[in-house]
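Colleague: Required output: the full structure, derived from the provided sequences and hints.
Chains as they are written, first to last, in this note's numbering: chain A, -12 to 91; chain B, -12 to 91; chain C, -12 to 91; chain D, -12 to 91.
If you are wondering where the hints come from, they were derived from the structure by calculation, not from laboratory data.
Be aware that a few hints might be false.
Remember, identical chains collapse to one label, so a pair may be satisfied in a single copy or spanning two.
[Stated by the list, open to error] Computed list of lysine-lysine pairs in DSS-like fashion (alpha-carbon distance at most 25 Å, straight line):
(1) LYS49 to LYS17
(2) LYS70 to LYS49
(3) LYS44 to LYS17
(4) LYS44 to LYS70
Number of protein chains: 4
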Amino acid sequence: MNVIVDLCLIPMNAETSLSPYIAACQRILKEAGLSIRLHAYGTNIEGEWDAVMAAIKACHVKVHAMGAPRISTTIKLGTRVDKAQSMDDKVTHVETLLSDDTVV
Amino acid sequence: MNVIVDLCLIPMNAETSLSPYIAACQRILKEAGLSIRLHAYGTNIEGEWDAVMAAIKACHVKVHAMGAPRISTTIKLGTRVDKAQSMDDKVTHVETLLSDDTVV
Amino acid sequence: MNVIVDLCLIPMNAETSLSPYIAACQRILKEAGLSIRLHAYGTNIEGEWDAVMAAIKACHVKVHAMGAPRISTTIKLGTRVDKAQSMDDKVTHVETLLSDDTVV
Amino acid sequence: MNVIVDLCLIPMNAETSLSPYIAACQRILKEAGLSIRLHAYGTNIEGEWDAVMAAIKACHVKVHAMGAPRISTTIKLGTRVDKAQSMDDKVTHVETLLSDDTVV
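Modeller: Structure below.
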């Protein structure tokens, strides 16, 4: 089962800057061979359910090991069985509709 | 690694009533032996990471099998390594603080 | 427009215990006259859209004033125009289905 | 109070394709003069709290008017009082850290 995920992991009680933790997670996701795309409030991930979930668990383990005693993560998980759809497809469909807008 | 989760699974393109889907997921979570508590916008779950995640995957599989072509799920995942904390602890701590409020 | 909300506000860089912050938010929500119910990973809120949103903003202002430099909040927002539905209705519908389960 | 938001609005009981609804919301957000960026599982928005929230409410009103009887939206809301931070800053900080990685 393929899944498109949006991951937002928050190490609590950490230094104000979260960048080092997020960078560590990006490395884990990339090394897992997943398609990822960082945005301003999380990371889009595309892959097989078990591979994605194993990588998210590895992120929690790593961020705790980096010193964060407590983590709160928000995940959105999309699955569909009617057709295959990539992260690119989702964005492109919307952008195509918007490109048809009459310029005023 | 123990985790406290909040699960909100939304079968899209379904009948307006989601109750049958949610009830099916409740059965899966209970049969997995997890501690769960239904609320008005999701279900709190407490258990070992892999057991919780396997049950959430089983929910997706089941809801697709019930006829939903597309599912969008939102999950919050809390882990901590400084101390053990149950779902009950979390609620009780806040309620204790509120019970000290002066009644007006 | 009526809305059922699930609110989970996380003060980052705070002491490990979030209870005082959550208790402060509970007081704000109650004083706003909203129906609320605390659970292990957030608070269910029911009310008129603008009243609920004003209270959530007041929570952010208060938690910053209590010393948290940075807050990350997750909100789920449900609206429907086909019929009125309360938080109680949502839970009761599912529990009714489950109560019909054959006891094994 | 400035806020960085991640918005994911799901019209339930809709046609399988959500693109027309999402495109309609993009137009509302743009016309509100907000900085926005579409990704594969939502839209990042940056702006003043009240302006952002008014636009999100307008999205719900519009999507109901387009025929969706029921909507479930997930929002992440980040505020901070220690310093100004844009959506670009958040992404750039992480990418800078990653660019230092030794290429293997």
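Colleague: If the cut is 25 Å between Cα atoms, do LYS70 and LYS49 qualify within a copy, between copies, both or neither?
Modeller: between (35 Å within a copy, 18 Å between copies)
Colleague: Within a copy, between copies, both or neither: where do LYS44 and LYS17 come within 25 Å Cα-Cα?
Modeller: So LYS44 and LYS17 pass the 25 Å test inside a copy (14 Å) and across (23 Å) alike.
Colleague: Tell me, please, which holds for LYS49 and LYS17 at an alpha-carbon limit of 25 Å: within, between, both or neither?
Modeller: within (14 Å within a copy, 30 Å between copies)
Colleague: Should LYS44 paired with LYS70 be assigned to within, between, both, or neither, using CA atoms and 25 Å as the limit?
Modeller: Between copies only: 19 Å across chains, 28 Å inside a chain, cut-off 25 Å.
Every hint, counting from the list given before, is met by this structure.
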